[in-house]
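**Student:** Residue numbers (my numbering), protein chains in the order written: chain A, 1 to 315; chain B, 316 to 542.
Treat the hints as calculated values from the structure; they're not laboratory data. A virtual CB, placed ideally from N, CA and C, is assigned to each residue, including glycine. Mixed in with the good hints, there may be bad ones.
[As the list claims (entries may be wrong)] Simulated restraints on C-beta separations:
#1 A:GLY101 to B:GLU445: 29 to 39 Å
#2 B:GLY529 to A:GLU294: 35 to 45 Å
#3 B:ARG504 to A:ALA266: 18 to 28 Å
#4 A:GLY101 to B:GLU537: 23 to 33 Å
#5 A:GLY215 to B:LYS506: 40 to 50 Å
#6 B:PRO402 to A:LEU100: 48 to 58 Å
#7 A:PRO124 to B:SER526: 37 to 47 Å
#8 B:ARG504 to A:PRO202: 24 to 34 Å
#9 B:GLY372 to A:PRO124: 36 to 46 Å
#10 B:GLU490 to A:ILE314: 50 to 60 Å
[As the list claims (entries may be wrong)] Cross-link-like lysine-lysine pairs, in silico, DSS-like; alpha carbons within 27 Å at most:
#11 A:LYS183 to B:LYS506
#12 B:LYS525 to A:LYS142
#13 B:LYS506 to A:LYS203
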Amino acid sequence: MSEALTLKAGSNLEKVLSAGDFAVTGECGPPKSADGSVIEKKAKMLAGYVDAVNVTDNQTAVVRVSSMASAYLAQQSGVEAVMQMTCRDRNRLAMQADILGASALGVKNILCLTGDHIGFGNHPQAKGVHDMDSISLIRMYKDMRDEKRFQSGEEMDVAPQLYIGCAENPFGDPFEFRALRLKKKVVAGADFVQTQCIFNVPKFKRWMEEVRALGLHQEIKILAGITPIKSAGMANYMKKFVPGMDVPQEIIDRIAGKEKGEAQQAEGKKLAVEMIKELAEVEGVSGIHIMAVEWEAAVPEIVEAAGLMPRPAIA
Amino acid sequence: MITAERKPFDEIYAMTEGHDKVLVAGCDTCVAICLTGGEKEAEILASEISIKAKEEGRELTVEHTAAIRQCEWEYLDMIADEVDQAPLVLSMGCGIGIQSMAEKFAPKQVMPAVNTNMLGMPQEHAVWLERCAACGECVIGETAGICPVVRCSKSLMNGPCGGSHAGLCEVVGPEGEETECAWALIWERLKAQGREELMFANRPPKNWSKSSSGGPRKMVREEAKPT
């Protein structure tokens, strides 16, 4: 592969995207206990169907197995990890220490996030750190990788080899700043972006128009976020309570139009497949990020039905 | 100004246990303006404690006073006699005033009758909003006069997070009250100023060593020292 010389981390995800293949990533939420077998089970479920799997970092500010340990366990179970890292729980010392440790354990993909506010989680009395924001976190990791420098400017001997990701929410406000915010992340050094779950496809397309107008689709790999809907109740919950979600009423009505249970689940999977096919056609979309929250078992079927199998086997 | 809220009465009353005389000391500066700890509020609290003690058949003398400013030695001299006569002082000054009293009159026991909560301003009558974190390195010249350190729930320095919606922050208050998204405000005001490009540049991480992370701060003005 001629790209080999220019790869930044040499991760499977980076290779797939660099080769111009349409990438598929999944997501695995670590458990709220010391049971590592949960991660192994979820990882094995997704292995072979995704190019890499995100392991979340105390998602929604709820304590879980750390993303570093989960990333390691997922990779031991046969699927490459994208380790999520939020600025909410760590200062710059901890964020650098953890990336050195993760890198030493073989983690190559990192996703830089601000993190849901601490007030949403199960320890609302804790002190939210927010020493840095996600944009300066991206820059810090890029400088560690490319300049072999810590944030302080001090040098290191062995740099972590990282494929640096970020998130963006096309449905956040002010809408006119959202593509510009992605540009800030590109300038900071992000290699790929996974978007917030897309339910409002027309709005996502409007955002992509702005992204293309800024030429960002040529500078960063864009993975469109999808969440298969398991029930009308879940769709309603996301619409009302999950920050930054835009769930159009017609989507909820479509799922609610089916019988509760298996019929709604089948419709949710069908909708996810339709959306993947539509999003894959959008100019500048390089892959799909499937966030099947506590429904990892649905992913293989969705990936198959979307015509995304087999996944590229890249050495 | 510095704002504070009175502690729950039961918590304050419990502080008087074991004493037969207390002095409630107000402060006529910031905490008076926010209607929490001025002379009038000190008098009210003293009466409440007195009534409760009487109801319990307890011998408790409750006096009240107020300093013009509890946070300056000179003004504390003016109430020194009253403080001397009370074995326990319940201060209604802010955290600075309470500590000044405790230091000036050490080892006398000075207890806080208020919770100091913020550097804020009255947005409307009887509503105060936080405006400053005293972070030691002001950036609001580049953020249209709106502080992202204290008005953004995550102290972001590079624009709104994904939770900004219709001008509101994803974080709601304990009573479900909505908060404006600081970065949405900054964006709109910078646009009105024709300076929105200030939000395009990547701002480096903040230097928190100038804030409380650097340890207790000290300011010395050599030129202002008496010669």
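**Student:** Are the hints correct? Go through all of them and say.
**Tutor:** Going down the list of hints, with the structure as the test:
no.: 1; hint: A:GLY101 to B:GLU445: 29 to 39 Å; result: 37 Å, holds
no.: 2; hint: B:GLY529 to A:GLU294: 35 to 45 Å; result: 43 Å, holds
no.: 3; hint: B:ARG504 to A:ALA266: 18 to 28 Å; result: 49 Å, violated
no.: 4; hint: A:GLY101 to B:GLU537: 23 to 33 Å; result: 46 Å, violated
no.: 5; hint: A:GLY215 to B:LYS506: 40 to 50 Å; result: 23 Å, violated
no.: 6; hint: B:PRO402 to A:LEU100: 48 to 58 Å; result: 57 Å, holds
no.: 7; hint: A:PRO124 to B:SER526: 37 to 47 Å; result: 23 Å, violated
no.: 8; hint: B:ARG504 to A:PRO202: 24 to 34 Å; result: 30 Å, holds
no.: 9; hint: B:GLY372 to A:PRO124: 36 to 46 Å; result: 42 Å, holds
no.: 10; hint: B:GLU490 to A:ILE314: 50 to 60 Å; result: 54 Å, holds
no.: 11; hint: A:LYS183 to B:LYS506; result: 18 Å, holds
no.: 12; hint: B:LYS525 to A:LYS142; result: 26 Å, holds
no.: 13; hint: B:LYS506 to A:LYS203; result: 23 Å, holds
Hint compliance for this structure: hints 3, 4, 5 and 7 are broken, all remaining hints hold.
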